[in-house]
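**Q** Work out the full structure: start from the sequences and follow the hints.
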Amino acid sequence: MQLHFSPSMRSITISCSNGFIGLMKIKVAARHISYRTLFHTILILAFLLPFVFILTAVVTLEGVNKCSSFDCLGRRLGPRFLGRVDDSGQRLVRDFYKILNQVNAEEIPHGLKLPASFSQLVSDMKNNQYDARTFAFMLRAMMEKSEWEIRESKFSELMNKHFAASSIPKGIHCLSLRLTDEYSSNAHARKQLPPPELLPLLSNKSYHHFILSTDNILAASVVVASTVQSSQKPEKIVFHVITDKKTYAGMHSWFALNPISPAIVEVKGVHQFDWLTRENVPVLEAVENQNGIRNYYHGNHVAGANLSDTTPRTFASKLQARSPKYISLLNHLRIYIPELFPNLDKVVFLDDDVVIQHDLSPLWEIDLEGKVNGAVETCKGEDEWVMSKHFRNYFNFSHPLISKNLDPDECAWAYGMNIFDLSAWRKTNIREKYHSWLRENLKSNLTMWKLGTLPPALIAFKGHVHPIDPSWHMLGLGYQNNTNIESVKKAAVIHYNGQSKPWLQIGFEHLRPFWTKYVNYTNDFIRNCHILES
Numbered sequence: 001m002q003l004h005f006s007p008s009m010r011s012i013t014i015s016c017s018n019g020f021i022g023l024m025k026i027k028v029a030a031r032h033i034s035y036r037t038l039f040h041t042i043l044i045l046a047f048l049l050p051f052v053f054i055l056t057a058v059v060t061l062e063g064v065n066k067c068s069s070f071d072c073l074g075r076r077l078g079p080r081f082l083g084r085v086d087d088s089g090q091r092l093v094r095d096f097y098k099i100l101n102q103v104n105a106e107e108i109p110h111g112l113k114l115p116a117s118f119s120q121l122v123s124d125m126k127n128n129q130y131d132a133r134t135f136a137f138m139l140r141a142m143m144e145k146s147e148w149e150i151r152e153s154k155f156s157e158l159m160n161k162h163f164a165a166s167s168i169p170k171g172i173h174c175l176s177l178r179l180t181d182e183y184s185s186n187a188h189a190r191k192q193l194p195p196p197e198l199l200p201l202l203s204n205k206s207y208h209h210f211i212l213s214t215d216n217i218l219a220a221s222v223v224v225a226s227t228v229q230s231s232q233k234p235e236k237i238v239f240h241v242i243t244d245k246k247t248y249a250g251m252h253s254w255f256a257l258n259p260i261s262p263a264i265v266e267v268k269g270v271h272q273f274d275w276l277t278r279e280n281v282p283v284l285e286a287v288e289n290q291n292g293i294r295n296y297y298h299g300n301h302v303a304g305a306n307l308s309d310t311t312p313r314t315f316a317s318k319l320q321a322r323s324p325k326y327i328s329l330l331n332h333l334r335i336y337i338p339e340l341f342p343n344l345d346k347v348v349f350l351d352d353d354v355v356i357q358h359d360l361s362p363l364w365e366i367d368l369e370g371k372v373n374g375a376v377e378t379c380k381g382e383d384e385w386v387m388s389k390h391f392r393n394y395f396n397f398s399h400p401l402i403s404k405n406l407d408p409d410e411c412a413w414a415y416g417m418n419i420f421d422l423s424a425w426r427k428t429n430i431r432e433k434y435h436s437w438l439r440e441n442l443k444s445n446l447t448m449w450k451l452g453t454l455p456p457a458l459i460a461f462k463g464h465v466h467p468i469d470p471s472w473h474m475l476g477l478g479y480q481n482n483t484n485i486e487s488v489k490k491a492a493v494i495h496y497n498g499q500s501k502p503w504l505q506i507g508f509e510h511l512r513p514f515w516t517k518y519v520n521y522t523n524d525f526i527r528n529c530h531i532l533e534s
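Residue numbering for the sequence shown follows the working numbering, starting at 1 and increasing by one per position.
Hints in this document: simulated from the structure, not taken from any laboratory. These numbers come from a predicted model, not from an experiment. No false leads were slipped in.
Derived PhoX-like pairs: lysine-lysine, alpha-carbon spacing no greater than 25 Å straight-line: (1) LYS233 x LYS205; (2) LYS517 x LYS489; (3) LYS246 x LYS268; (4) LYS462 x LYS443; (5) LYS433 x LYS346; (6) LYS450 x LYS433; (7) LYS246 x LYS170; (8) LYS450 x LYS404; (9) LYS517 x LYS233; (10) LYS490 x LYS380; (11) LYS236 x LYS268; (12) LYS404 x LYS462; (13) LYS443 x LYS433; (14) LYS268 x LYS346; (15) LYS462 x LYS371; (16) LYS145 x LYS113; (17) LYS450 x LYS161; (18) LYS98 x LYS126; (19) LYS126 x LYS113; (20) LYS462 x LYS346; (21) LYS427 x LYS462; (22) LYS346 x LYS233; (23) LYS427 x LYS371; (24) LYS380 x LYS489; (25) LYS450 x LYS462; (26) LYS236 x LYS490; (27) LYS346 x LYS427; (28) LYS346 x LYS371; (29) LYS236 x LYS346; (30) LYS205 x LYS427; (31) LYS236 x LYS517; (32) LYS443 x LYS404; (33) LYS404 x LYS433; (34) LYS450 x LYS154; (35) LYS191 x LYS268; (36) LYS380 x LYS462; (37) LYS268 x LYS205; (38) LYS98 x LYS145; (39) LYS145 x LYS126; (40) LYS205 x LYS346.
**A** Okay, here's the thing in structure tokens:
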């Protein structure tokens with residue numbers, strides 16, 4: 001930009017090299033202008049012209065560089081000088097938001113025909129010249145239909161998963177039948193467990209006694225094998241395997257034909273315990289045989305359920321609470337361990353869906369400080385499914401008995417790997433308290449809690465639990481697909497609690513190898529029943 005003054009000071013010429021302002025000449029009348037006025041004019045022009053240049057450059061960058069006259073440039077730059085910008089696009093968006101809000105507040109027209117896909121919607125809009133309101137209704141109806149179909153699909157998936165988790169896989173059923181047949185026809189399958197010379201060790205308190213209660217032969221074999229193989233002192237291990245009457249022959253056959261030396265294994269059926277009578281377990285007899293309770297756990301889980309008001313996660317929790325295993329006597333036997341093993345003082349109780357990865361001998365060295373139950377607490381983790389559980393997650397605190405006696409924020413703990421001090425246990429009223437609360441829940445038609453054996457145990461063991469390090473017991477491998485593999489490798493005991501058991505097709509593929517590594521796939525019974533390695 002250049003300023004040129006004529007020698008007579010009667011004219012000023014302003015030139016700009018960018019082509020927008022080619023030439024601008026100001027003529028000054030000699031008799032009507034003073035040097036002071038001229039000076040002020042130059043100052044004003046010097047102040048304004050840089051802004052004109054900047055705006056001109058902006059217009060150029062935006063692509064409006066076809067103006068060849070000041071008139072065109074004025075029309076382009078005038079609104080910018082005055083602070084006005086074309087907001088037609090923003091106005092269109094605001095209008096569309098308004099239409100969406102209106103459509104959201106109204107009912108979808110009855111009989112509205114929905115396209116099958118988005119491409120069909122676009123085609124229908126072109127052909128039928130839909131207005132914005134009609135398009136909004138179509139879009140809302142399509143989204144609501146998709147949401148409903150997704151919910152229906154999710155509930156169906158949860159139901160199918162529940163049925164799969166509650167059923168017995170064909171291979172495991174075959175294994176039980178073949179081993180039972182072997183018991184009747186093969187004397188080796190009926191041999192005494194353990195041999196007579198080792199019977200005194202069943203009550204030897206210097207040994208490490210493990211208790212396992214299950215009717216799953218394959219799962220029991222994995223628990224025992226993994227414990228023995230991971231132990232630094234396998235010769236000190238004694239396993240007490242408890243099963244039901246129908247599984248006893250098959251379970252006995254397995255461990256008779258597949259000894260886990262140098263460990264000792266005892267197999268007993270519930271019918272072989274003299275203490276387990278109806279007089280001693282009246283409440284559990286009622287739980288197992290009451291028609292209403294059996295219908296709750298074995299009946300139609302969808303009938304009467306209002307799925308429109310239920311989230312998939314809530315529905316999954318309710319299905320989990322109605323697993324038939326929760327009315328099995330085998331699942332409640334842990335509360336009678338002091339009476340079933342009167343000669344033992346300290347034992348480790350294991351669920352059948354665990355795998356032992358490290359030596360558990362140090363558990364016997366833990367000082368429980370006079371408490372009965374050494375367990376991992378489940379209220380100090382970050383995940384919502386497993387390690388963030390308090391009493392409020394298990395009990396109905398709208399029930400007056402629950403709200404009066406329990407604290408919703410009290411920390412829960414885990415069953416599945418527990419170290420029990422039986423000497424301290426025998427000095428308490430834990431069993432009586434367990435029975436008492438079970439009776440109350442039965443009277444209330446299961447309105448105090450729904451989920452199986454843990455809630456009454458949380459009450460019965462209240463004040464008798466000693467927390468142990470979480471590294472001893474990692475939970476949730478049957479719940480969470482995103483379980484951290486490195487954490488799994490480090491844990492002493494991994495627990496497949498949840499529906500996705502490793503022996504089921506619904507088990508998580510990346511977590512199953514931690515379990516299958518302890519299955520003896522060379523065994524003839526396992527091969528003949530087509531229990532194949534995944």
